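Could you build the full structure based on these sequences and the hints that come with them?
Heads up: the sequence lines are chains S and R, in that order.
Whatever position you read off the first sequence (first residue = 1), add 154 for the numbering used here.
Whatever position you read off the second sequence (first residue = 1), add 2 for the numbering used here.
Hints were generated in silico from the structure; no laboratory data involved.
Fair warning: there could be bad hints in the mix.
[Stated by the list, open to error] For the chain S half of the interface with chain R, some residues (derived, Cβ under 7 angstroms), not all of them: (1) Q195; (2) L199; (3) G207; (4) D210; (5) E257; (6) F260.
[Stated by the list, open to error] Cross-link-like lysine-lysine pairs, in silico, DSSO-like; alpha carbons within 27 angstroms at most: (7) S/K198 x R/K71; (8) R/K71 x S/K237; (9) R/K71 x S/K165.
Note that the structure is predicted; figures quoted are calculated from it, not measured.
Note that beta-carbon positions come from the ideal geometry of N, C-alpha and C, so glycine has one too.
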Amino acid sequence: EAGVAQSPRYKIIEKRQSVAFWCNPISGHATLYWYQQILGQGPKLLIQFQNNGVVDDSQLPKDRFSAERLKGVDSTLKIQPAKLEDSAVYLCASSSVAGGLNEQFFGPGTRLTVL
Amino acid sequence: SQQGEEDPQALSIQEGENATMNCSYKTSINNLQWYRQNSGRGLVHLILIRSNEREKHSGRLRVTLDTSKKSSSLLITASRAADTASYFCATPRGSARQLTFGSGTQLTVLP
Numbered sequence: 155e156a157g158v159a160q161s162p163r164y165k166i167i168e169k170r171q172s173v174a175f176w177c178n179p180i181s182g183h184a185t186l187y188w189y190q191q192i193l194g195q196g197p198k199l200l201i202q203f204q205n206n207g208v209v210d211d212s213q214l215p216k217d218r219f220s221a222e223r224l225k226g227v228d229s230t231l232k233i234q235p236a237k238l239e240d241s242a243v244y245l246c247a248s249s250s251v252a253g254g255l256n257e258q259f260f261g262p263g264t265r266l267t268v269l
Numbered sequence: 003s004q005q006g007e008e009d010p011q012a013l014s015i016q017e018g019e020n021a022t023m024n025c026s027y028k029t030s031i032n033n034l035q036w037y038r039q040n041s042g043r044g045l046v047h048l049i050l051i052r053s054n055e056r057e058k059h060s061g062r063l064r065v066t067l068d069t070s071k072k073s074s075s076l077l078i079t080a081s082r083a084a085d086t087a088s089y090f091c092a093t094p095r096g097s098a099r100q101l102t103f104g105s106g107t108q109l110t111v112l113p
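Right, here's the structure in full:
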């Protein structure tokens with residue numbers, strides 16, 4: 155079974171630039187998550203999708219972050235414009251059951267550096 | 003705010019020794035999960051223990067859950083250098099049962 159795919163693996167940009175990350179979840183998983191993991195901390199949920207609908211985006215900085223999951227499969231997360239504090243690893247995860255009632259499968263992440 | 007907090011923040015042991023990590027949480031839960039993260043890689047699910055379970059085993063892993071104390075422990079027996087990683091506990095919370103992670107324990111197993 156193929157795992158969660160993410161690209162790119164690494165990205166370096168300057169502040170105020172824009173960046174986009176892509177995620178392809180495990181086939182058949184209806185629930186998709188984006189997490190932000192700052193160095194030395196645990197992952198923090200940014201947004202949760204159930205199929206192509208948003209379940210929770212309460213911790214997503216909506217003035218600069220946006221995410222979509224068209225057709226309920228792949229998802230993209232965009233930051234525009236980026237700030238220095240956005241430097242982090244962005245993890246995508248998927249699960250067959252919504253929320254934290256079951257295990258989540260994580261991709262390798264995209265390491266973003268904002269200069 | 004973090005729901006789960008791991009203790010200790012860092013742990014260094016010799017290969018073959020046992021490693022114990024603890025997790026405390028604040029609100030009632032229906033399950034608690036442990037994840038491992040190797041350097042530069044994504045998280046891997048290790049084990050899930052439900053609120054009506056007190057202990058669970060998976061290979062060299064043993065997890066306990068004490069809901070009265072709102073705490074859990076992860077024991078890795080006969081540790082190996084490959085066990086070197088960060089270990090996170092995670093609990094569902096909120097109306098959508100979002101998984102909330104602690105800050106992790108960095109385990110180093112010396113050969």
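Now for the hints, and whether the structure bears them out:
no., hint, result
1, Q195, "holds, 6 angstroms"
2, L199, "holds, 5 angstroms"
3, G207, "violated, 12 angstroms"
4, D210, "holds, 5 angstroms"
5, E257, "holds, 4 angstroms"
6, F260, "holds, 4 angstroms"
7, S/K198 x R/K71, "holds, 25 angstroms"
8, R/K71 x S/K237, "violated, 40 angstroms"
9, R/K71 x S/K165, "violated, 43 angstroms"
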